[in-house]
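Quick mapping for you: the protein sequence lines, in order, are chains A and B. Take 0 as the starting number for the first sequence in our numbering and just add one per residue. Take 10 as the starting number for the second sequence in our numbering and just add one per residue.
Keep in mind that the hints were calculated from the coordinates and are not lab data. Be careful, since some hints might not be right.
[Claimed, not checked] Derived list of chain A stretches under chain B, where covered just means 3 residues or more per stretch with a C-beta under 8 Å from a C-beta of chain B:
#1 14–26
#2 70–84
#3 98–108
[Said to hold, decoys possible] Here are some chain A residues the structure puts well away from chain B; computed CB gaps all over 10 Å:
#4 Gln5
#5 Ser11
#6 Arg59
#7 Thr61
#8 Gln63
#9 Leu87
#10 Asp94
Note that beta-carbon positions come from the ideal geometry of N, C-alpha and C, so glycine has one too.
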Amino acid sequence: TQLLEQSPQFLSIQEGENLTVYCNSSSVFSSLQWYRQEPGEGPVLLVTVVTGGEVKKLKRLTFQFGDARKDSSLHITAAQPGDTGLYLCAGRSNDYKLSFGAGTTVTVRA
Amino acid sequence: SQTIHQWPATLVQPVGSPLSLECTVEGTSNPNLYWYRQAAGRGLQLLFYSVGIGQISSEVPQNLSASRPQDRQFILSSKKLLLSDSGFYLCAWNAGAAYNEQFFGPGTRLTVL
């Protein structure tokens with residue numbers, strides 16, 4: 000059973016368009032992380048959100064943590080081919096472990 | 010700064026052969042260490058984690074085992090590989106229970122034939 004549900008599973012857009020990826024759960028998390036992974040490599044941490052309602056911006060990427068700390072979204076403005084990759088969300092409960100979503104594969108066409 | 014290494018990068022093994030994957034972390038002390046397996050293009054399944062030398066917690070009953078012989082060394086093993094053990098294996102570390110983030114190694118692609 001996947002604790003975190005990510006949608007959509009696949010997303011293909013043209014360079015310059017915007018996109019949003021969603022991460023939802025029925026569980027409350029003390030924090031939530033977003034990672035990006037390229038083929039054959041390990042995931043790279045993009046951001047951590049901790050407070051309900053928190054919004055963080057990383058250049059063209061905007062991350063939001065839901066008020067109830069059960070969901071999150073990642074919005075990319077004016078996507079570029081370099082944004083292509085597998086986007087993973089991961090929630091931390093009150094122990095040492097992270098629960099990962101199944102990921103959203105984003106393809107940005109030039 | 011901290012660095013995490015995994016080797017080998019790729020491995021092709023016959024069914025029934027043993028396995029040993031190694032992970033080491035540099036630049037930190039007493040990290041929490043994790044082994045994950047990832048199916049192609051999908052999310053990560055936690056296999057084992059360790060909060061200290063000799064301390065291993067298993068998340069999924071399976072054909073694999075883990076050991077932590079030194080503070081910054083984490084080993085994933087099997088006595089006899091199955092076809093279903095094929096996958097992308099990732100090692101990760103974090104600085105302890107007070108920290109949220111985990112940092113991943115480059116991974117090992119294992120193919121069992």
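The hints, checked one at a time:
Only residues whose C-beta sits within less than 8 Å of a C-beta in chain B count toward coverage, and the region 14–26 of chain A has 0 of them, not enough to reach three; the restraint is violated. Check result for the region 70–84 of chain A against chain B: violated, 0 residues qualifying (beta carbon to beta carbon below 8 Å, three or more required). Counting residues of the region 98–108 of chain A whose C-beta lies closer than 8 Å to any C-beta of chain B gives 5; at least three are required, and the coverage claim holds. Not every CB of chain B is more than 10 Å from the CB of Gln5 of chain A (nearest about 8 Å), against its label as outside the interface.
Under the 10 Å C-beta cut-off, the non-interface status given to Ser11 of chain A relative to chain B holds; the minimum distance is some 14 Å. For Arg59 of chain A, the shortest C-beta to C-beta distance to chain B comes to about 22 Å, beyond the 10 Å cut-off, and the non-interface label holds. Distance check for Thr61 of chain A against chain B: the nearest CB is about 19 Å away, which clears 10 Å, and the non-interface claim stands. With a least CB separation of 17 Å from chain B, Gln63 of chain A remains clear of the 10 Å interface cut-off, as annotated.
Not every C-beta of chain B lies more than 10 Å from that of Leu87 of chain A, the closest at about 6 Å, which undercuts listing it as non-interface. Not every C-beta of chain B lies more than 10 Å from that of Asp94 of chain A, the closest at about 8 Å, which undercuts listing it as non-interface.
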